[in-house]
Every structure is written in C-alpha cells, then in structure tokens.
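Student: Sequence:
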Amino acid sequence: MNYQDLANLVFPDAKDISFYEEKYPRRNLTEGAIVTRFAPSPTGFVHIGGLYQALVARKAAKQTDGVFFLRIEDTDQKREVENAITGIVNSLQDFDMSPDEGQINATEELGNYGPYKQSLRKEIYQAYAKYLLAQGKAYLCFCSAEELEAIRAKQEAAKIRTGYYGVWANCRNLTVEEMIKKVQNGENYIVRFKSTGREDRKIKHHDIIKGNVDFPENDQDIVIIKSDGLPTYHFAHAVDDHLMGTTHVVRSDEWLSSVPLHLQLFQELGFRAPKYAHIAPIMKNDNGNKRKLSKRKDPEAAVDYYKKEGIPSDAVKEYLLNIASSSFENWRRQNPNLPIEDFDLQLNKMSVSGALFDMVKLLDVSKSTISRYTAEKVYEEAYNWANEYDAELKELLSDKEYALKVFGIERKNAKPRKDIAKWSDVKENISYMYDIDITDYPYQVINEPEDIKKILQLYIEKYFNEADDKQTWFDKIKTLSGELGYASEVKAFKENPGMYKAHVGDVSTVLRVALTGRTNTPDMYEIMQVMGKDKVINRLKSAIAKLS
RNA sequence: GGCCCCGUGGUCAAGCGGUUAAGACAUCGCCCUUUCACGGCGGAGACAUGGGUUCGAUUCCCGUCGGGGUCACCA
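Counting from 74, one number per residue, gives the positions in the first sequence under the numbering used here.
Among the hints, erroneous ones may be present.
No farther apart than 30 Å at their CA atoms in a straight line, the calculated lysine-lysine pairs in the DSS-like style are these [unchecked claim]:
no.: 1; residue 1: Lys195; residue 2: Lys283
no.: 2; residue 1: Lys210; residue 2: Lys267
no.: 3; residue 1: Lys283; residue 2: Lys381
no.: 4; residue 1: Lys450; residue 2: Lys608
no.: 5; residue 1: Lys488; residue 2: Lys478
no.: 6; residue 1: Lys567; residue 2: Lys549
no.: 7; residue 1: Lys381; residue 2: Lys368
no.: 8; residue 1: Lys195; residue 2: Lys357
no.: 9; residue 1: Lys368; residue 2: Lys357
no.: 10; residue 1: Lys608; residue 2: Lys500
no.: 11; residue 1: Lys299; residue 2: Lys348
no.: 12; residue 1: Lys190; residue 2: Lys232
no.: 13; residue 1: Lys135; residue 2: Lys151
no.: 14; residue 1: Lys608; residue 2: Lys135
no.: 15; residue 1: Lys527; residue 2: Lys473
no.: 16; residue 1: Lys527; residue 2: Lys567
no.: 17; residue 1: Lys267; residue 2: Lys348
no.: 18; residue 1: Lys365; residue 2: Lys348
no.: 19; residue 1: Lys488; residue 2: Lys380
no.: 20; residue 1: Lys495; residue 2: Lys135
no.: 21; residue 1: Lys380; residue 2: Lys299
no.: 22; residue 1: Lys190; residue 2: Lys96
no.: 23; residue 1: Lys450; residue 2: Lys535
no.: 24; residue 1: Lys190; residue 2: Lys478
None of these hints come from the bench; they were simulated from the model.
These numbers come from a predicted model, not from an experiment.
Please construct the entire structure, taking both the sequences and the accompanying hints into account.
Tutor: Rendered as structure tokens:
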C-alpha cells in the first residue's frame, strides 16, 4: 500500500495531469505579452474595487497585446448569488471592458482554456490533487470541525500561532494504511497540502506593486479539496492560472499574505509561478477610520451606482486611472482627446497604499469628460440614460433637433462649458429651455415690479430682434439700460455708484430671470437663439403678467 | 496577539541624500468690458514622532505611535 493506491482509491476516475497539460498548451504570444484575469466570485454585484482591479489587469494585458480573461470563482456554493454572473458580465460590458476569454453570459464562454467557471473544473482540480496525493505531497485529513476548533482553542490558550501545521496537524502523520482504512470505513475527509515550509525560514518575494517583501515560509497544511469535492481558492488559483497561462496576477492586496502559500503550491505542483501585482483597495473614511468601501454600507461601492447616477463609464475609468497612476493626470492634460486606451499604465508605479474614494474629484473628472463630448454624444448618452431611469427627461429629449441645439450651447468653443457631471443633472440643467411653467422669479438687485416691468416691456417692444448678432444684441441691452437710467457699463457704475440705480449686469439679470426663472444660466444670447423668437417673447410677457 | 504592508497639505499624489517640497481636486481672493460654469493669476495649507548614519535627511537604519491587511472545508 502506498500513496499511489491511496490516490487511486480517493480519485478513481481522475485523469493523469498530462492530459490537461496537453489539452491546454502554452499560449502562443509575442515576447512580453501579458496574460491577466479578473476572477470574481459570483456573490453579488461588482464592487468598484473589483472594477479597479479589472481595469488595471486589462490595461496591463492590452498594452502588451496580451490576453485578459474572466474567470468565475464559484467554489463556495453557499455564498453564490443568483444572476451574479450575468451582473458581472454586464458590468464589464457597461464599462467597455469585456474580456477576451471567459464567461460572456451565464452559460456561454469564449476561449480555449476553459471552462472558465471553476465549478465546472472539478475534475481538473481532482486530477491535480490526485497527482499531489500520489506523491505524498498531500494527505487526507479526517478531523471534524469540532476537533479543529479544539486545536485552535488550545493554541489560543497557549498563545501560539493558530492553524493546522507541524505537530498540530493530527492527520499529517497518518500512515497510508490508516488513511485507506478510514476511507473504507466511510469516514469523511478532505485533502490537505503537506507543507514543506518552515516558519523560521524566510522567503523573498518581489511584488510588482509592493516591491520586495519577505515573509516566513508557509507551514500550514491548508485544505486543497473541500468535502464537497471542490477546491479552495488557493488550490484553484495555482491550477487555473497555470493551465490558463496567466503571467501576471493582479489582485487586491488582501492576498499579499497568502503569497508564501501560493508560491509553495506552484513549486510543489511543478508550475512556474506568475508574477504578482497586489493593488491597494479603495478606501472610505468612516469616522476617522479608513476602511474598505463596503458593499453593505456604501452605495458608491456598487458599480451599478454610477450607471444609475448617470456618471459616464469613461469618467469612472478616468477617475480610477487617476488613483492608479499620478502620471495619468499629466498625460490627460497633454492629450485631452486621446482615448484612455492610449495611456500607458506602469504597474510598478502604482500606489502602495489605499486611496480614499473621493466623489467630489470623480464628479470633477466627469465634468471634464463630458465637456469633451460633442453635443451629439451628450444627447445620445443622456437619452440612453433617461430611457432607463427618467421618463420625464426622455420626454424632454424626444425632440432631438432641439435637444442638440440645447446641448450645443457653449460647447463649440475652445473652452466648452463644464456644467454636467452626470446625466441625472441634465433635467435640472436644461428644463427651462422647455415649456415649463416658471413659478419662481428670483430677481436680484433690481426687484421692484415697476422697474422690472419697464425693462421687460421696453426690451420686447423696442430692442429684441432675433436676427441680431451677439454684439448688436448686447449693445442694445446697454442702450436700454442707459435709456432707463442704469449704467450701461459696469465700470462706470463702479466708479460712480451713486449716479445710477444699477448697471447693465443687473438689467441682464432681470432678463435672465424673466426668461429662465434662474439667476445662473449659460450664455443668454445663445439661449435666446435656441429658444427662438416666440418662446422668448412669451416667456417675457408671462413674466410681466406674473409681477405682483 | 503573531506575521506583513503603509504613513508628504482636507483628498489624490510627485519627489527617494542637498528642491523656494511639483501638480490635481477642494477651499479663499482677484481678473475674464452681463450671471453661473470654464479659463487665468494669486493666497492659505504637508514630509506622524523620537533616536541614529551623514557635512547634510522628507528621502537610509532602528524604535514609538497611527492606519490597513492576514491568520477558515470564504474568496
């Protein structure tokens, strides 16, 4: 009786690993091409941190003509959430980050290295577990949850390291005969890795982001195959990333401390280990403490939040790149119109510590992003958003020709208007351009009904002409101001405030408020042009009528 | 608690032995011959702390403090 017999007894049907080694040959890629992956577990929506990882991983691959794939890590069936896979796939699609290989919907996938869903790879993991078992590099553990708990309790009481290792690993020294006997007796078991490491020795690891990190070797006999026959994360990681040809593992830095284990696993399995890039997670300030953005507490943790708010996916990616690399901002300033695909992200320049999520900054990035859009693009995006989330806005936008004019206001100039941060702002932003009932007129300096009435009436009767160019238009407002005793130049007013009731700016404000119901708007000349003569006259008349 | 990572203005961050310690967001003021936004100019605001090493430390070493991660048949 030897380990081979034990392996055959436990995994009678498992294939020899040579089968898989041949089935999944080395990828034929150009020198330096990077293969990365996004490997979420389907336990809910995509987290902004997950998107961040995926963005970084995907960029690293794309920059080198490599491959970016999506692997679903569903080895914990208890935690699996319905439709999560579809959610993941859709979120990546929303951000224009669909993978080259992997799941493309709940049941289908792309690529030659699949299945890309771990629950479908059970036999593969078992083949490799059998391989380790046959060599005595793994063993069966029959400890119950209670026994494990008892071990832990003892360790804690003695204030020593907890875990299943060394002398605490009860089943580690079971003989092959004993293990076989227990299996034949129907005892429950799991497969554990027989660690070759020693806690008093150090291993060196070079992480692409974190740099040189030394750890004690791993000496824990971790579980590789659980009682349901599925692998643990660690084992699946080693097997999958080897078979799938991953060259660079980009993942959250919570995994950093598992590196010794992972390296050991790769070595004992005879695999070449990938390079690791552990990224710092995105944090949030919670009463003075930093913590990871939480799925439960923070709405902005969910990637869908941005979609619902109408923050363009481009903007979210720009913001994330901002966090990832400080050189991105400089690059963007120099290349305002290039797509972010052209930006070269250096993994080794990425920040080592977790950044606090900054919504204000995101919104600023978003404003800039949207300001670079053409009116056509703004229309399209706003319409698509409205179509899903805001029926009223959709209705407003139904007249595309007019909407295009509205979105074109102050957009054609060298310094386009920057006032939309998210599509959910649009309605509030443009509603006065439509046939709404203005009820509130927040007149400012000039606020006597009689004065207002005079200005508006005179403007309608004598000065308004749709055909005027901008200079003529404004000259007329100046003339009108003078005619009614207001300063037609602000400077003149400032020099001699006592001589006038108010100045041309104040007169303009009256017109603006009467026209739009607000004190702040984009350029009034353009607004009038877009509204057209009838609407302008009607608005002004109606404002007069509403003077008390 | 053990192990590991991190600590530059409110936030994101350059700099990594000698700098007036960049830049962006936010904030304040001024300017942009009508508002707001944009843009321009300017202001305020930082190297956690204590020891070393050095002619000289934000940069290197050690301690302290602070923050984070990890120690599952979860990923």
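Student: Is Lys495 within 30 Å of Lys135, Cα to Cα?
Tutor: 28 Å, holds
Student: Holds or violated: Lys190 with Lys96, Cα cutoff 30 Å?
Tutor: 17 Å, holds
Student: Straight-line Cα separation of Lys527 and Lys567 no greater than 30 Å?
Tutor: Measuring from Cα to Cα gives roughly 23 Å; hence the hint holds.
Student: Starting from Lys368, check that the Cα of Lys357 is at most 30 Å away, please.
Tutor: At roughly 12 Å apart (the allowed maximum being 30 Å), Lys357 and Lys368 satisfy the hint.
Student: Just to be careful, I want the Cα atoms of Lys450 and Lys535 compared with a cutoff of 30 Å; is the pair within it?
Tutor: 39 Å, violated
Student: Can you confirm whether the C-alpha distance between Lys267 and Lys348 stays at or below 30 Å?
Tutor: 24 Å, holds
Student: Given the hinted pair Lys488 and Lys380, is their alpha-carbon gap at most 30 Å?
Tutor: Measuring from Cα to Cα gives roughly 27 Å; hence the hint holds.
Student: Checking one constraint from the list: CA of Lys283 to CA of Lys381, max 30 Å. Satisfied?
Tutor: With Cα atoms ~35 Å apart, Lys283 and Lys381 exceed 30 Å; violated.
Student: Can the restraint linking Lys381 and Lys368 be considered satisfied, given a maximum Cα separation of 30 Å?
Tutor: Measuring from Cα to Cα gives roughly 16 Å; hence the hint holds.
Student: Are the Cα atoms of Lys527 and Lys473 separated by 30 Å or less?
Tutor: Roughly 36 Å separates the two Cα atoms, so the pair is violated.
Student: Take a quick look at whether Lys135 and Lys151 sit within 30 Å of each other, Cα to Cα.
Tutor: Judged against 30 Å, a Cα distance of about 35 Å means the pair is violated.
Student: Given the hinted pair Lys567 and Lys549, is their Cα-Cα distance within 30 Å?
Tutor: Holds, at about 21 Å.
Checked against the numbered hints given earlier, the structure breaks hints 1, 3, 8, 12, 13, 14, 15, 21, 23, 24 and satisfies all the rest.
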